[in-house]
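Keeping their order, the protein sequence lines are chains A and B. If you use this note's numbering, the first sequence corresponds to residues 1 to 247, in order. If you use this note's numbering, the second sequence corresponds to residues 1 to 319, in order.
Some hints here could point you the wrong way.
Unchecked claim - Covered stretches of chain B, as calculated for chain A (at least 3 residues, CB under 8 Å):
id, segment
1, 42-56
2, 62-72
3, 87-96
4, 184-190
5, 273-286
To be verified - Some residues of chain B that are not near chain A, with every Cβ distance over 10 Å (derived):
id, residue
6, G11
7, L104
8, A165
9, V236
Unchecked claim - Over the 10 Å line for every Cβ pair with chain A, so calculated as not near, a few chain B residues:
id, residue
10, L157
11, S164
12, E169
13, A174
Please keep in mind that the hints were generated in silico from the structure rather than gathered at the bench. Cβ atoms here follow ideal geometry from the backbone N, Cα and C, with glycine treated the same way.
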Amino acid sequence: MKILVCVSKTPDTTTKIAFNASNTELDSNGVQYIMNPYDEWYALVRALELKEALGGTVTLINVGPADNDQVIRKGLAIGADDAVRIDMNPPSALNVAFQIAEHARAESYDLILLGKETIDYNGSEIGAMIAEYLDLPFVSYATKLDTSDGKTATIQRDIEGGVEEVEVDAPFVMSAAKGLAEQRIPNMKGIMMAKSKALKVVTPAAFEDKAVTVQYTLPPAKSAVKMIAPENMEELVKLLHEEAKVI
Amino acid sequence: MVLVFAESQKGNFKKTAFEAVTYGYKTAQVLGTECVALALGTAHNAADLGLYGANKVLHVADATLDQFDSQIYAKVIAEASQQVGAKVIVLSHTSTGKSVHGRLAARLGAGSVAGVNSIPTADGGFKVKKGVFSGKAIAEYEIKSEVKVLSVMGNSLQPAVVGSAAPVEALAIAVPASRVKVKSVSRIEGIVPLPEAELVVSAGRGMKGPENWGIVEDLANVLGATTACSRPVADVHWRPHHEHVGQTGIAIRPNLYIAIGISGAIQHLAGVNNSKTIVVINKDPEAPFFKAADYGVVGDLFEVVPKLTEAFKQFKAAE
Ligand SMILES: Cc1cc2nc3c(=O)[nH]c(=O)nc-3n(C[C@H](O)[C@H](O)[C@H](O)COP(=O)(O)OP(=O)(O)OC[C@H]3O[C@@H](n4cnc5c(N)ncnc54)[C@H](O)[C@@H]3O)c2cc1C
Numbered sequence: 001m002k003i004l005v006c007v008s009k010t011p012d013t014t015t016k017i018a019f020n021a022s023n024t025e026l027d028s029n030g031v032q033y034i035m036n037p038y039d040e041w042y043a044l045v046r047a048l049e050l051k052e053a054l055g056g057t058v059t060l061i062n063v064g065p066a067d068n069d070q071v072i073r074k075g076l077a078i079g080a081d082d083a084v085r086i087d088m089n090p091p092s093a094l095n096v097a098f099q100i101a102e103h104a105r106a107e108s109y110d111l112i113l114l115g116k117e118t119i120d121y122n123g124s125e126i127g128a129m130i131a132e133y134l135d136l137p138f139v140s141y142a143t144k145l146d147t148s149d150g151k152t153a154t155i156q157r158d159i160e161g162g163v164e165e166v167e168v169d170a171p172f173v174m175s176a177a178k179g180l181a182e183q184r185i186p187n188m189k190g191i192m193m194a195k196s197k198a199l200k201v202v203t204p205a206a207f208e209d210k211a212v213t214v215q216y217t218l219p220p221a222k223s224a225v226k227m228i229a230p231e232n233m234e235e236l237v238k239l240l241h242e243e244a245k246v247i
Numbered sequence: 001m002v003l004v005f006a007e008s009q010k011g012n013f014k015k016t017a018f019e020a021v022t023y024g025y026k027t028a029q030v031l032g033t034e035c036v037a038l039a040l041g042t043a044h045n046a047a048d049l050g051l052y053g054a055n056k057v058l059h060v061a062d063a064t065l066d067q068f069d070s071q072i073y074a075k076v077i078a079e080a081s082q083q084v085g086a087k088v089i090v091l092s093h094t095s096t097g098k099s100v101h102g103r104l105a106a107r108l109g110a111g112s113v114a115g116v117n118s119i120p121t122a123d124g125g126f127k128v129k130k131g132v133f134s135g136k137a138i139a140e141y142e143i144k145s146e147v148k149v150l151s152v153m154g155n156s157l158q159p160a161v162v163g164s165a166a167p168v169e170a171l172a173i174a175v176p177a178s179r180v181k182v183k184s185v186s187r188i189e190g191i192v193p194l195p196e197a198e199l200v201v202s203a204g205r206g207m208k209g210p211e212n213w214g215i216v217e218d219l220a221n222v223l224g225a226t227t228a229c230s231r232p233v234a235d236v237h238w239r240p241h242h243e244h245v246g247q248t249g250i251a252i253r254p255n256l257y258i259a260i261g262i263s264g265a266i267q268h269l270a271g272v273n274n275s276k277t278i279v280v281i282n283k284d285p286e287a288p289f290f291k292a293a294d295y296g297v298v299g300d301l302f303e304v305v306p307k308l309t310e311a312f313k314q315f316k317a318a319e
C-alpha cells in the first residue's frame, strides 16, 4: 500500500504557555515541542504495520517551517520511508489541508492517515478537509483498521457513546484514535537510518486564508479551592446545591 | 441567515442539538438575521427546535441519511445552505459534527473555527473564541470569508427556551450513494455518554483495585451521574476504555466533576478542567488536583465517598 501519514508538531501538554508582547503568537521560548501523539502513536504506527504486512511505502507529510524537521526525522526514525515538508508557517487549518491535498493529488496514495486531532487546538478538521478536497471517503476516530488485501478495509470507529463498524474501499482518508496501534520508540538503528532518508522541502501553493488568529488571552484565574472537612459531607452537598448550583 | 445542523440519533434530537440551535439563535441576533435549523433523516418532533430559537426547520427526510457518512452529510448540508443563502453554518462539536465540519469548510471555501465556546461578535469583523492549549489559553479568530462554519463545544452554553414550535418544511435534496458501508452500530444503552453528561463521578489509582468500585458506582447512581476514570485505571483494565478521560481519552465539560483518588496530572486535567465545578477527594493535601478544584476534601476516599453518598441520599430525599 502506498500510505501518506500527516504529522504535526505541538507543544507538550506540560509546557508553560506564554505569548508574544502583542498576544498574537505563542512565545516559543522554552516550549517543549513533540510530534502530535495521535499522529505518532496511532496513525504512523498502524501505517508501518500495514506496510510490514502488505508491502508498500509510508511517506510523512508536514506543513511547517524548517524547525519542524526534528519532529519529521523522529517519524523517519520510527520507520517511515521518506518525508515531504511544505515550507510555510500555516495560518489556518484549511490552508494546511489544501497544501496536503495538492501534494496527495499528484501521488495517488491508497490511504491517507492522521491523528484524530492535535493536542494544542483540538480542531479535528484537517482529515475531513483533505478528504473533501480530494473527493475521498473520510472515516474518523478509528480504533481498529483491518485489511487483508490493501483494497477493502474494515474499520471500527468511536461514535458518541458507542462504536460503529464500517467497510470502505481504498483510497480513503482516516483519522486515528487511541487503540489503533501501540506506540513505538525509535531505536538506535532507526535514528541512524533516518539521517539518510529523503526529506523533500516543497514550496507551498498559493492559498488565501479565510480564518486567522487575531489574539490570545489567558483564562480568568480560578478562585481558591474551598476545603471541606471529611466528616462534614452535608456541608459539601449544601455548597454544591446553593453556591455552585450544580445539583 | 444562520443555518444550524441539528443532530439526531435514532430520530431523536439530543441536548447538543438544542445547544447548537441556541447558539445559532444568539449568533443570528448578533448579526440581525434569522436562525433556521436543518434536520437530516428520521427526525421526531422537529418543530420543537423552534423552542430554542429556530424560525423554521428544514427537513431532508431521506432515510438513507440515518446512516452517517461525512461526505454525504457535507454535500447535503452544503446544498441546503446554498439553497437558503446561509452565511453562517453551525454544527455541534460531536464526533458527527467534527467529521463534517472540515468537509463543509473545504467544500464551501469557508473560514471555520472548530470547538467555539462563546457567541461571535460582529463589530469590526466576525470574531469568535475557543479554548486552546489544554484550557491554558483562549484564542480569538477572525473569519473573513462570506460563508463561515462553526462547531459548538458541548456544554458551553445552556439551551434556553425562547420561542415556540417552528414550521417544518420538507427540503428535496438528492442524496448520492455512500462509499462507506455501515456494518454495525453498538451503543452503550442506559447511561448518558460522557461527552454529554452533566454530572460525572471519576476515580483513579487511589481506588487500589477494580473490586472497590462499588462505592463509586453507588455515588454515581444516587446522583444520576456517569462514571469516568483516569488513564492508568483504563490501561490496566480496572475500568473500560470508554471511561478514560484526559488528553488521550475523552475531553468533557460537565457541570460537576467529582474526582476520587486522582492526583490531577496535567494530562488528566487537559480533559476535565473545563468542568464548571470540580470536587476533589484525595488523602494527599499536596495533590496537584486541589489547585484546579473548587471544593476539596482531604481524607481517605474509602471513608469519605460513602459519607458523601449518604449526604446526597438525604438531600434527594428532602427535595
Ligand atoms: C502523553 C501522556 C498522556 C496522558 N494522558 C492521560 C489521560 O488522558 N488521562 C489521564 O488520566 N492520564 C493521562 N496520562 C497519565 C498522567 O500523567 C497520570 O499518570 C495519571 O493521570 C495518574 O492517574 P491517577 O491520578 O489515577 O493515579 P496517581 O497519580 O497514582 O494518583 C492516585 C491518587 O490517589 C490518591 N489516593 C491514594 N489512596 C487514596 C485514598 N485511600 N484516599 C484518597 N486518595 C487516595 C493519591 O494521593 C494520589 O493523588 C498521560 C500521560 C502521558 C505522558
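Structure-based check of each hint:
| no. | hint | in the structure |
| --- | --- | --- |
| 1 | 42-56 | violated (count 0) |
| 2 | 62-72 | holds (count 4) |
| 3 | 87-96 | holds (count 3) |
| 4 | 184-190 | holds (count 5) |
| 5 | 273-286 | holds (count 4) |
| 6 | G11 | 15 Å, holds |
| 7 | L104 | 8 Å, violated |
| 8 | A165 | 26 Å, holds |
| 9 | V236 | 15 Å, holds |
| 10 | L157 | 16 Å, holds |
| 11 | S164 | 27 Å, holds |
| 12 | E169 | 27 Å, holds |
| 13 | A174 | 17 Å, holds |
Taken one by one, the earlier hints fail for this structure at numbers 1 and 7, listed in ascending order.
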